[in-house]
Amino acid sequence: MTLDFVYVRRRVETGTRLPTAVAGGLLDPGAGERLACLRQIFDAVGYTGPAARAALGAELGPSYRRADLPLYLERLTAATPLNTLIKVFGLFLWVDEAELRAAVAPLEPDELVALGVVERSGHRVRAAVGLSARSDVLLAHDRYDAEAPDPSRDHVLGVNTAAVTLESLTVRRRVRSALDLGCGGGIQALFAARHSEHVIAVDKNPRALDFTRFNAQLNGLRNVEGRQGDLFEPVAGLRFDLIVCNPPYVISPESRYTFRDSGRRGDALCEDVVRRAPAHLEEGGFATILCNWTLRAGEEWSAPLRRWVEGSGCDAWLLRGATQDPLTYAAVWNRGPDGAAYADALARWQRYFREIGVAAVGMGGVILRRRTAAENWVRADDLPGNPAEPCGEQIQHIFRVEDYLRSLGDDARLLDWAFSVAEGQRLRQTLAPRGTEYVVEEAEVELRGGLAFRGTVDAYGFHLLRQCDGRRPLREVVTELARLGGVDVDALAATVIGVVRRLIAFGFLLPVDPKLGRTTKGREEET
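So the sequence shown is residues 1 to 527, counted in our numbering.
None of these hints come from the bench; they were simulated from the model.
Given the structure is predicted, the values throughout are model-derived calculations rather than measurements.
Idealized CB from N, CA, C, for every residue including glycine.
Among these hints, one or two may not hold up.
[Claimed, not checked] Here are the simulated distance ranges between beta carbons: (1) 297 with 36: 31 to 41 Å; (2) 79 with 114: 36 to 46 Å; (3) 444 with 406: 42 to 52 Å; (4) 40 with 355: 25 to 35 Å; (5) 75 with 469: 46 to 56 Å; (6) 432 with 263: 56 to 66 Å.
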């Protein structure tokens, strides 16, 4: 799980100028009115919706390689307000002041200069900050400048892959309090503010907090509070219903970028966050933390994470996005146009990894739920791709069914339950000729949207899924399948129980029980 940004080596010591509206703290009334008007303009032209992606032919975010600019400019030749705003705030290009004036009317370019979001040179203007969109959230962040392509130490990122992953893996429900730890420009805090009474955003980078406050105003949110400090220090003694954290998780020998490098040995910072988060969770509260972690030779990928959550007082779902060897990992974070600098960085990172005994690096996240119990559970799974859709309800369901499965004691008790199939499930069958007929050889089952888990089942599993209607207990379904297949019912039941358990655990089958919520689910079959 990596940020979608290509780093090059030239160092710049000063960051992009902060928007004037937030440089001194709270917005003055006039600035607030102009910001509200600016936001209305962006919404009206479709900058925060699918229209921007359609115009550009790509997601509207910070990562545009300069080599692709001719392509984007060809797509943006029409003189429309949307195209102008994309060129200025998405691609960070200079445009004539008259062109910007037409795009932001009734505001004047002078007003945007006063806000600090635009700068002028003669009769030309360009963005002083970038503006990225995720869903209907508009996020101001540091500009990516072709004239100074290497970000400053205190650079504040916009929308990126890691931020989208964290947003997707966050449980969304009405809560009293939420914490965005390592908030950056505040994207997680902004999403949390929509379902939380109060959000505290923490970062040790003061520029990040200024951007967070600015972005809260830009998005019309008044329940976000910024606090400067390292990790949990600014919220000592406080507990939250929700914690989200996208820390500087990269395992590196560097201390170049506040948003990337922790300056701590190996994965110590991620371990620190995971170990300390439970003490700041309310009972029943959730925490989602993105992590990178080091692996020793022959070590199972989840072993370090299991150590971190042991005795935490939380149930824990450990998720792996990928595992990389040290050289590949170093290349991801150092690739750039300067071949000599790239080679030096690879050698330096490789020496560091050998020094601390790293055989591989795991990438993913930890989801915690605070629960007082005699024993908390831990499960570990591979992420089915980088999630980009909301997964919060699915995550809550996974935690509920894991509780259910652990409460059974004996999996044979599954035979007494009825099950229905999940909405959005797809069942694809492969048929093989047998004599004059085609019979089911195997079937692939998958979930659409969110965490799109998938797997294969044999002919018995295929027919079992088709028979799970939420009314008949599993024992009755197995008995019928055994009769039709001419096999021993007890032997089939012993096999089916294990399959059903996994189908429940990943959300393909839903136990029909009032505590879990009974829902009539549909299915589609494809041949």
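Cβ distance range 25 to 35 Å for residue 40 and residue 355, holds or violated: violated (54 Å)
Note whether the CB distance of residue 75 and residue 469 lies within 46 to 56 Å or breaks it. holds (50 Å)
That 31 to 41 Å hint for residue 297 and residue 36 (C-beta), does it hold up? 57 Å Cβ-Cβ, so the 31 to 41 Å window is violated.
Residue 432 paired with residue 263, Cβ distance criterion 56 to 66 Å: holds (58 Å)
Okay, residue 79 versus residue 114 on CB: inside 36 to 46 Å? Violated: the Cβ-Cβ distance is about 26 Å, outside 36 to 46 Å.
Consistency of beta-carbon spacing, residue 406 to residue 444, with hint 42 to 52 Å: violated (28 Å)
In summary, the structure is inconsistent with hints 1, 2, 3, 4 from the numbered list given earlier, while agreeing with the others.
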